[in-house]
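A.B. asks: Residue numbers (my numbering), protein chains in the order written: chain A, 1 to 292; chain B, 1 to 437.
For the record, the hints were derived by calculation from the structure and aren't laboratory data. Since this is a predicted model, take the numbers as computed values, not measurements. A couple of the hints might just be wrong.
The list that follows gives simulated cross-link-like pairs (lysine-lysine, DSS-like), each with its CA atoms no further than 30 angstroms apart [as the list claims (entries may be wrong)]:
no.	chain 1	residue 1	chain 2	residue 2
1	B	LYS258	B	LYS171
2	A	LYS41	B	LYS231
3	A	LYS41	B	LYS258
4	B	LYS305	B	LYS192
5	B	LYS20	B	LYS344
6	B	LYS258	B	LYS192
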Amino acid sequence: MLSAKAKTQFGNFLFVAPYLFVFAWLLVWPLMSGMGLSLFKADLFGGATFVGFENYARLMSDPVFLQAVGNTFLFVLLCVPPLAIIPLLLALLLNRSTRTAAFFRGVFFSSSVLSVTIVTLIWRMVLIPDGGFVANILAVFGLPPIPFFSDPGIVMGSMAIITVWWCLGLPMMLYLSALQQVPQDIYEAAALDNSRWWTTLTRITLPSISRTVVLVVIMQCVLQFQLFGQPQLITQGGPNGASRPIVLFIFEVGFRRWDIGYAAAASQILFAIILLVTLGQYLLSRKRTGDA
Amino acid sequence: MKTLVSILIMALAISACSPKDERTHITVQRIFGECRANVPRDQAPLRNPDGECEILTGLIDRFERENPDIDLTVNIVAWPGYDQLSAQYAAGDPPDVVSIHMSSMPDYQSRGLIVPLTAELAQDGVSAKAFTPAARQGITIKNELYGLPFDNWTPLWHINTGLFARAGLMKDGEPILPHTPEELLAQARQFKAATGKPYFVQSMINERAAYTRNLYTYLMNQKAVFFEDPKHIRLNTPEARRIVALFKQIYDENLTTKDQDYSSATQGFMNGQGGVYLVGTWMIGAYEAEANTPGQPLYKSYAVKPYPMLFGAERAAYVDGHAWVVSNRERSLKQDEAVRRFLKFLYDHNYDWSRTGHLPTVQAVAQSSQYLSLPHRRDIVALSEIGRTLPSEVQRQFAIQDIIGDELFSAIAGHKPIEQALTDAETRTNDLLFHLL
Chain A
1 MLSAKAKTQF GNFLFVAPYL FVFAWLLVWP LMSGMGLSLF KADLFGGATF VGFENYARLM
61 SDPVFLQAVG NTFLFVLLCV PPLAIIPLLL ALLLNRSTRT AAFFRGVFFS SSVLSVTIVT
121 LIWRMVLIPD GGFVANILAV FGLPPIPFFS DPGIVMGSMA IITVWWCLGL PMMLYLSALQ
181 QVPQDIYEAA ALDNSRWWTT LTRITLPSIS RTVVLVVIMQ CVLQFQLFGQ PQLITQGGPN
241 GASRPIVLFI FEVGFRRWDI GYAAAASQIL FAIILLVTLG QYLLSRKRTG DA
Chain B
1 MKTLVSILIM ALAISACSPK DERTHITVQR IFGECRANVP RDQAPLRNPD GECEILTGLI
61 DRFERENPDI DLTVNIVAWP GYDQLSAQYA AGDPPDVVSI HMSSMPDYQS RGLIVPLTAE
121 LAQDGVSAKA FTPAARQGIT IKNELYGLPF DNWTPLWHIN TGLFARAGLM KDGEPILPHT
181 PEELLAQARQ FKAATGKPYF VQSMINERAA YTRNLYTYLM NQKAVFFEDP KHIRLNTPEA
241 RRIVALFKQI YDENLTTKDQ DYSSATQGFM NGQGGVYLVG TWMIGAYEAE ANTPGQPLYK
301 SYAVKPYPML FGAERAAYVD GHAWVVSNRE RSLKQDEAVR RFLKFLYDHN YDWSRTGHLP
361 TVQAVAQSSQ YLSLPHRRDI VALSEIGRTL PSEVQRQFAI QDIIGDELFS AIAGHKPIEQ
421 ALTDAETRTN DLLFHLL
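Using the sequences and the hints given, assemble the complete structure.
C.D. replies: Set out below in structure tokens:
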């Protein structure tokens, strides 16, 4: 017999049961299926053969995959710091209740509502060396166009520029909401103490929103490790594989080659990378908070 | 409340009542875009009458009009449409008839997803002999016809004859084309010196297929057997190295446009940015329209030719094509009959489709004066005889094309030595083929 307390707790469970059911059905089950699939040699239409960890061994010796992993880390390194810092600066500038600030909050957020197709179309027109916006400006000064999409040394930087422009709206809004949670009386006390802007920023503002900074960094890491649409639409991973991220590799292997066991193994590695990086950042930030 | 619920239920019941539809339903899936706004039902297209989308939309309208007992559900998918199609097959709900590339047919045939049509076509008096050699090769797998060939297409040399004339490369109204790599380089240098423009216009960014198709054509021109069997490719060969070295030299000497993607290159040729644009049959109509429009850079300055044979006397060209295939799924006899009638209709209207610029697949059409009197068709019709697809059992040709194109651009742009790029292309392709189930 259940106790009255247990009955109440069971009743409470019913409230979350629909969510848990959908979560398990649409997230946990596919995740487990993917893990299982990664141990098989299989194509889209069945015929699976169990191969153990052979797909993982293939990945570790596949130069295209290893290059894709390197590209992905490079992209995250190029994107996440600007996506943590630029929105913070914008939020600091726009955290005021004027109409101009409200207008610019809307302007800076507007890019986030665009689909990746529109974003890449816009940036293609800006960056394409043949008659693009930047090339035309350079031509005015007699300078040659920059091969944004055909130089392996530049192409990931181009992807990062596009992505930062596209993604800075949400972090800015998160920072704004965090900034508005900081009690005003602390700033008033700092003003009474003649605290300089820099001191107020580093001693009051940043410590007060540190959890949001961690959230933004973790969120952007998770998002940017999943880079796909921009290189798929602009470069197809070229030149020389320099803009092929892991997700594009997975797409090519799974949907062009139908080698879905291999694609599933690559997906598990991507999942592990994101999980480890996220956990690492989380633990590091907790340790710092504890130290403080 | 009860009254309200009763009324709602009755309204629902009434709305669910509709006359029983006696028509036979089949689903057709196609690429080539959506242009209904430009093609009012049962009317001629408002513009671009020779466009792929316009012609096919009009043809399907006509089929529906002439076959009121058949209800076609037409799915229009974005090019190339294989992600959707694969998902539909995986979900067990593929369309009855679908347009795919001949190069993709082995993928679906090998998994039993499409059915052979030899017997069905024969019922309507259509045998393999009715098709051009290039079309026949593209749809024949293990001696069975697995599709209705709709067209063949291949890259061509689209030529700005105005610029060629300025470069002294016209004779008797015809462009002078090279016969050897050395002649090509000499003519390209002469062209650049005279016009200040590159000889070639090429899409080089976000591009893979073009490099591979060039390689295939010139390997065939050298009689190179690069697929000894459907599971192995040989690419690091003297023949392939010669081809890549030529394109690399063209790139290094700035005899081609660089840093253009497909739309820039397409527009660039239209604006007179270079002498020869390497692109497919599908652009003939658009450029011909420019050539007939006074004031345009291409006005009276356009010709189109098959790739000149640079490496030997063997006349050959890599071709692919579009074909209509029938899914292996349960259908009633009436539905099978509807599918057959649809295919026969498309067969009968092969000329209409050839107005797009693609090569006809029906031999009688290719030889007809009606077809040959279309602009430039006499120049390219031989491709329906000499054009060759890859061996019919080579699977994943799209993926292979991407891998080879990836590596070729690396070699041509100098990111990798030619030998290494060809070795990498060979290794990656063979690895893909080795791991096929």
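A.B. asks: Measure nothing beyond the straight line between the CA atoms of LYS41 of chain A and LYS231 of chain B; if it is 30 angstroms or shorter, mark the hint as holding.
C.D. replies: holds (17 angstroms)
A.B. asks: Just to be careful, I want the Cα atoms of LYS305 of chain B and LYS192 of chain B compared with a cutoff of 30 angstroms; is the pair within it?
C.D. replies: holds (20 angstroms)
A.B. asks: Could you grab the alpha-carbon distance between LYS258 of chain B and LYS192 of chain B and see if it respects the 30 angstroms cut-off?
C.D. replies: Satisfied, since the Cα-Cα distance of roughly 15 angstroms is no more than 30 angstroms.
A.B. asks: If you draw a straight line from the CA of LYS258 of chain B to the CA of LYS171 of chain B, is it 30 angstroms or shorter?
C.D. replies: holds (29 angstroms)
A.B. asks: Quickly compare the C-alpha distance for LYS20 of chain B and LYS344 of chain B to 30 angstroms and report which way the hint goes.
C.D. replies: Answer holds: LYS20 of chain B to LYS344 of chain B is near 28 angstroms, not above 30 angstroms.
A.B. asks: So if I understand the rule, the pair passes when the alpha-carbon distance is 30 angstroms or less; does LYS41 of chain A with LYS258 of chain B pass?
C.D. replies: violated (41 angstroms)
Checked against the numbered hints above, the structure breaks only hint 3 and satisfies the rest.
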